[in-house]
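**Student:** Could you put the whole structure together from the sequences, leaning on the hints where they help?
So the sequence shown is numbered by UniProt numbering: it starts at 1 and just counts up by one.
Since the hints were made in silico from the structure, they are not lab data.
For glycine and all other residues, C-beta sits at the position ideal for the given N, C-alpha and C.
Certain hints may be false.
[To be verified] Cβ-Cβ distance ranges computed for the label pairs, FRET-style:
1) S40 / G79: 38 to 48 Å
2) R61 / R8: 36 to 46 Å
3) A142 / D74: 36 to 46 Å
4) R61 / S91: 15 to 25 Å
5) Q54 / Q34: 15 to 25 Å
6) K77 / R145: 35 to 45 Å
[What the hints assert, rightly or not] Calculated lysine-lysine pairs in the PhoX-like style (CA-CA distance at most 25 Å, straight line):
7) K58 / K76
8) K77 / K58
9) K133 / K58
10) K77 / K133
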Amino acid sequence: MLGLGVERLRADMNRLLALLFHQGVLDEQYLQLQQLQDESSPNFVSEVVNIYFQESEKLLRNLRFLLMDREFSDYKKMGVHLNQFIGSSSSIGAKRVRNVCVAFRVASEQNNRLGCLRALELLEHEYCYLKNKLHELFQFRATDRAAKTASSCSQVPSSALKQSALSAAKQKRKEMR
1 MLGLGVERLR ADMNRLLALL FHQGVLDEQY LQLQQLQDES SPNFVSEVVN
51 IYFQESEKLL RNLRFLLMDR EFSDYKKMGV HLNQFIGSSS SIGAKRVRNV
101 CVAFRVASEQ NNRLGCLRAL ELLEHEYCYL KNKLHELFQF RATDRAAKTA
151 SSCSQVPSSA LKQSALSAAK QKRKEMR
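**Tutor:** Here it is in structure tokens:
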């Protein structure tokens, strides 16, 4: 019984990952990042991606701050932030975010304030979509790891594991709202 739930979970996880590649949200760099994860560092990808999220939040705040200034004219400073965002997005395989950053940089190089505002709006949208989907993927992985651990312990009934997984999923949904 437990095996069927784990297989379904893995199938859902693989479908989500395939969707993210099909939509162009992720590229092959994400797969290369996954290859660096092993038994000794089972959370490597999520740790790297969480650092990316923390740094990206700062960059988005800085970009927003620069553009909200009516007297803004330092497009070079904006370009520095965008270059950092492009580099970090490339390193984790965040293809659509990287592409929006490239378009944003073009608008900033042209001193196009309106284009920059539009690009910022699109960047925030793509970033949030990426963040939500990767959190969903990491939740699948955490549940999968918990199921593996529980299946190796004969004293844990499968109904308790299912209840635990359901509780974790419900809690995650609440946090995402």
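**Student:** Does each hint fit the structure? Answer for all of them.
**Tutor:** Hint check:
no.: 1; hint: S40 / G79: 38 to 48 Å; verdict: 39 Å, holds
no.: 2; hint: R61 / R8: 36 to 46 Å; verdict: 39 Å, holds
no.: 3; hint: A142 / D74: 36 to 46 Å; verdict: 42 Å, holds
no.: 4; hint: R61 / S91: 15 to 25 Å; verdict: 20 Å, holds
no.: 5; hint: Q54 / Q34: 15 to 25 Å; verdict: 20 Å, holds
no.: 6; hint: K77 / R145: 35 to 45 Å; verdict: 42 Å, holds
no.: 7; hint: K58 / K76; verdict: 18 Å, holds
no.: 8; hint: K77 / K58; verdict: 14 Å, holds
no.: 9; hint: K133 / K58; verdict: 20 Å, holds
no.: 10; hint: K77 / K133; verdict: 30 Å, violated
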